[in-house]
Amino acid sequence: MTAVPMLELRGVDKSFGPVHVLSSVDFTARAGEVTALVGDNGAGKTTLVKCIGGIHPVDAGELIFQGTARSVRGPRDAALLGVEIVYQDLALADNLDIVENMFLGREVLTRLRTLDENSMEKLAEQALASLSVRTVRSVRQHVVSLSGGQRQTVAIAKSVLWKSKVVILDEPTAALGVAQTEQVLDLVRRLAGQGVAVILVSHNMNDVMKVADSIGVLFLGRMAAQVRRKDVTQTQVVELITAGRSGELGLSPAESSGAAV
Amino acid sequence: MTAVATADRPRLGERLAAAPWPELAAPAALLLLVVVFGAADSTFLTTGNIEAILQASAILVVLAVAQTFVVATAGIDLSVASTMTLGAVVLGQVYSSGAGIGWAILAGVAAATAVGLVNGAIVAKGGITDFIVTLGTLSAASGLALILADGKPQPVLSKFMLDLSASGIGIISWSVLVAAVVAVTAHVVLFRTRLGVHLLAVGGSTDAARSTGVRNVRVKMSVYLISGLLAGLAAVLLVARVGAAEPASNTSFLLNSVAAVVLGGVSLFGGRATIIGPVVGALLLASLVNGLTLLGVSQFYQPLAVGIVVVLAAFLTRFQK
Ligand SMILES: Nc1ncnc2c1ncn2[C@@H]1O[C@H](COP(=O)(O)OP(=O)(O)OP(=O)(O)O)[C@@H](O)[C@H]1O
Ligand SMILES: [Mg+2]
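Each protein sequence line maps, in turn, to chains A and B. Residue numbering for the first sequence follows my numbering, starting at 1 and increasing by one per position. Residue numbering for the second sequence follows my numbering, starting at 1001 and increasing by one per position.
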C-alpha cells in the first residue's frame, strides 16, 4: 500500500437546492488498486462521481490529489489532473471508428496540421495490446458495430492511452452478459495493475467481491464505511448497503436511522 | 506481438454487406444517364457538350460542398443561394463604383462570409433552430441584394471575369478548376483534419462529442462560416458566368444544393458525409438538365425530372442501416 493515496475526498457536501445528497463524505482511492463504490439506488454514487469529475461543484469539503488539495471547477480541470470517467453510454461517438474515438478532442497532428493517422493507429493498438485485448479485430471498426463489452474495452483503453491516474467506471457491466462481464472485470484488474487508481461503481456484489481491494459504502448520502475487501464478507457489505451498519462497522444507530436529513 | 489485428482487409462478403449503397447511388445513376443520353443523342458525349456540363455544374458543386459541411453537423443552410446572390450584388456594386476587380471580388466574398458568420453565431450561440435562422437570412440576404442593386442587374465587364468562365486548360475552364480545387480541399478538411473529425462527431453523436471536450459551439460556427465563404466563391463564378451581378433570387440553386447532398448519400441527420458524393450529385443534376435539353424536352419538365430523381435517391437512403 502506497503511503499517499492517489485521490482522497474529505468532508464532501453536496446539495441540489433543498435536497441534501452527500453529507460529509470521506473516500480514498489508491494507485494500483480497485476501489469499489457501492450503495443502494439514490445513495449518491453517481453524484459523488460527478463531483470528482468536475461536473458538479462541491458545496464543502476537499478533493485531494496525490496529497495536494485541488479545486476542480469543470471537466477540463478533472481531465488535467488525470481523471477519466467512463459513463455507460455517453463516452463514445457511434459514427466514428475506434481510433477516432480514442483520440477525439486530442488528435495527433502532423507538421502540416493534418491528422497523423499512422501514429494514432499505432498508439491505439498499443493501448489495446497493453491490456491484452483480444476481442477487437480492427481499430478502424466503427463503434456502432461494437458489442457492449467491446465498447467498454475501447473506453477503458482510452484511459490507458491518456495515462489517466484515476479512472472511474460507472456501472460498466450493467448491460453485459456473463462472458463479457468477465472480460471487462479482467480489464479493470489489468488497468489497476498498470498503477491506475480505479474506482468501480457497481450494484453487482459478485463483481465487487471479485475485483475490489477496497470497498466504500454509501448509505443515504453518508459514507457508512470504507473497508478492505479481505476484512469483510459479502453479507457484511450487503448489510452496510441496506442498513448503513453491520455489527461494529458503519454508522452509529442514531446516524443510520436519522440519516435522511 | 498481440492479437490486435492491424486494420486487416475485410473479406468480400463483409465488404459487400458494408458497401455504402446510398453513396453508390449517384455514381450509378450518373453512369446510367451518360449511357442513355449518349445513345439517344450523339452530341451528348462530344467534348463541347461535356465542357458545357462541367461549366454548368461548377457553381452547384461549390454550393453543394458548402451545404455538405452544414448537413454533416445535422444542420441545414437554406440561405446558401441568397447569400451567393448578395455576394454577387456586392461584387457588382463595388466594381461599378470604380474599384478594381480584385477589391470587388474580395468585397463580395467578405459579404457572403459575413452572412455565414451571422448564421453560425445565431444557430450555435443562440441555440436557435438552423431551419428558422437560415430561412430568416435567406429572406434578409435576398432583400439586401435587391436594395443594394435597386432591383437592377449590374454588368461586370472585366477581362479577368470573362477569362474565368471562357478560358482555361483544354475543356477545363478556370471556373471548373476552381470548383475542383474547392472539392479537393473540402475532402482533405473533412477527412484529414481535426475539424473534420469533430464536425462528424458533433453531427452524429452530439453528447459524446461534448463529453469528450469537443467544442460543439465552435464547430457549428465554423461550418456556417465555411458555407458563407463558399457561397461567396460561388458568387464570383456566377458573376463570371452571367457577365453581370443580378439581384434575382436563385431558389433552384438552393434546392439543387440540398438535392446534390441527398443524391450524394450524405445523411441529413448528420455524422456521415463525403465530398465526392455531393460532387457527383451535382454533376448528375447538371447532366440531367443538359440531356433533357438536348433531347428537346420542354424546360418545364426539368424541375419535375429533378424532383423525381431526388425523391428516388431519398428512397434509396431508407435502405441504409
Ligand atoms: N441534478 C440533480 N438535482 C436534484 N437532485 C438530484 C440530482 N442528481 C441526483 N439527485 C438526487 O440525488 C440522489 C442521489 O442520486 P445519485 O444519482 O447520485 O444516486 P446513485 O447512488 O447513483 O443511484 P443509482 O444506483 O440508482 O444510480 C437521488 O435522490 C437523486 O434524486
Ligand atoms: Mg447512479
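Worth flagging that the hints you see were computed from the coordinates, not collected in a lab. Among the clues, some could well be false.
With a straight-line Cα cutoff of 35 Å, these simulated DSBU-like cross-link-like pairs (lysine-lysine) come out [said to hold, decoys possible]:
hint, chain 1, residue 1, chain 2, residue 2
1, A, 230, A, 210
2, B, 1125, A, 163
3, A, 165, A, 230
4, A, 165, A, 122
5, A, 165, A, 210
6, A, 50, B, 1125
According to the in silico footprint, chain B covers these stretches of chain A (three or more CB under 8 Å from chain B) [stated by the list, open to error]:
hint, stretch
7, 68–79
8, 163–172
9, 188–195
Listed next, with one range per pair, are the computed distances between beta-carbon atoms [unchecked claim]:
hint, chain 1, residue 1, chain 2, residue 2, range
10, B, 1185, A, 135, 34 to 40 Å
11, B, 1045, A, 137, 43 to 49 Å
12, B, 1147, A, 163, 39 to 45 Å
13, A, 147, B, 1028, 38 to 44 Å
14, B, 1185, A, 55, 35 to 41 Å
15, B, 1031, A, 179, 45 to 51 Å
16, B, 1184, A, 67, 37 to 43 Å
17, A, 71, B, 1097, 56 to 62 Å
18, A, 110, B, 1163, 33 to 39 Å
19, B, 1136, A, 15, 38 to 44 Å
20, B, 1184, A, 71, 43 to 49 Å
Remember, predicted model here, so these are calculated numbers, not experimental data. Glycine included, C-beta positions come from ideal geometry on N, C-alpha and C.
Hint check:
A C-alpha spacing of about 11 Å is found between residue 230/A and residue 210/A, which places the hinted pair at or below 35 Å, so the restraint holds. A threshold of 35 Å between alpha carbons decides the hint, and for residue 1125/B with residue 163/A the separation of about 34 Å falls inside it, so the pair holds. Taking the CA atoms of residue 165/A and residue 230/A, the gap is about 24 Å. The hint holds against a cut of 35 Å. For the given pair, residue 165/A sits about 22 Å from residue 122/A by alpha-carbon distance, which is consistent with the 35 Å threshold.
For the hint pairing residue 165/A with residue 210/A, the CA-to-CA distance comes to about 22 Å; that is within 35 Å, so the pair holds. Restraint check for residue 50/A and residue 1125/B: the C-alpha separation of about 26 Å stays at or below 35 Å, so the hint holds. With a cut-off of 8 Å between beta carbons, the stretch 68–79 of chain A has 3 residues touching chain B; three or more are needed, and the interface restraint holds. By the rule of at least three residues with a Cβ nearer than 8 Å to a Cβ of chain B, the coverage given for the stretch 163–172 of chain A is violated, with 0 such residues.
A stretch counts as covered by a chain when three or more of its residues have a beta carbon under 8 Å from one of that chain; for the stretch 188–195 of chain A and chain B the count is 0, and the coverage is violated. Residue 1185/B and residue 135/A have their C-beta atoms about 39 Å apart, which keeps the hinted 34 to 40 Å range intact. Hint check: residue 1045/B to residue 137/A, Cβ distance near 45 Å, so the stated range 43 to 49 Å holds. A hinted range of 39 to 45 Å for the beta carbons of residue 1147/B and residue 163/A is inconsistent with their spacing of about 59 Å.
As the Cβ distance of residue 147/A to residue 1028/B is approximately 33 Å, the hint placing it in 38 to 44 Å is violated. About 38 Å separates the C-beta atoms of residue 1185/B and residue 55/A, a value consistent with the hinted range of 35 to 41 Å. In this structure the hint that residue 1031/B and residue 179/A lie 45 to 51 Å apart at CB holds, the actual value being about 47 Å. At roughly 54 Å, the beta carbons of residue 1184/B and residue 67/A sit outside the given window of 37 to 43 Å.
With their beta carbons about 58 Å apart, residue 71/A and residue 1097/B fall inside the hinted range of 56 to 62 Å. Checked against the given bound of 33 to 39 Å, the beta carbons of residue 110/A and residue 1163/B, roughly 36 Å apart, stay inside it. A beta carbon spacing of about 43 Å between residue 1136/B and residue 15/A agrees with the range 38 to 44 Å that was offered as a hint. Look at residue 1184/B against residue 71/A: about 48 Å separates their beta carbons, and that is inside 43 to 49 Å.
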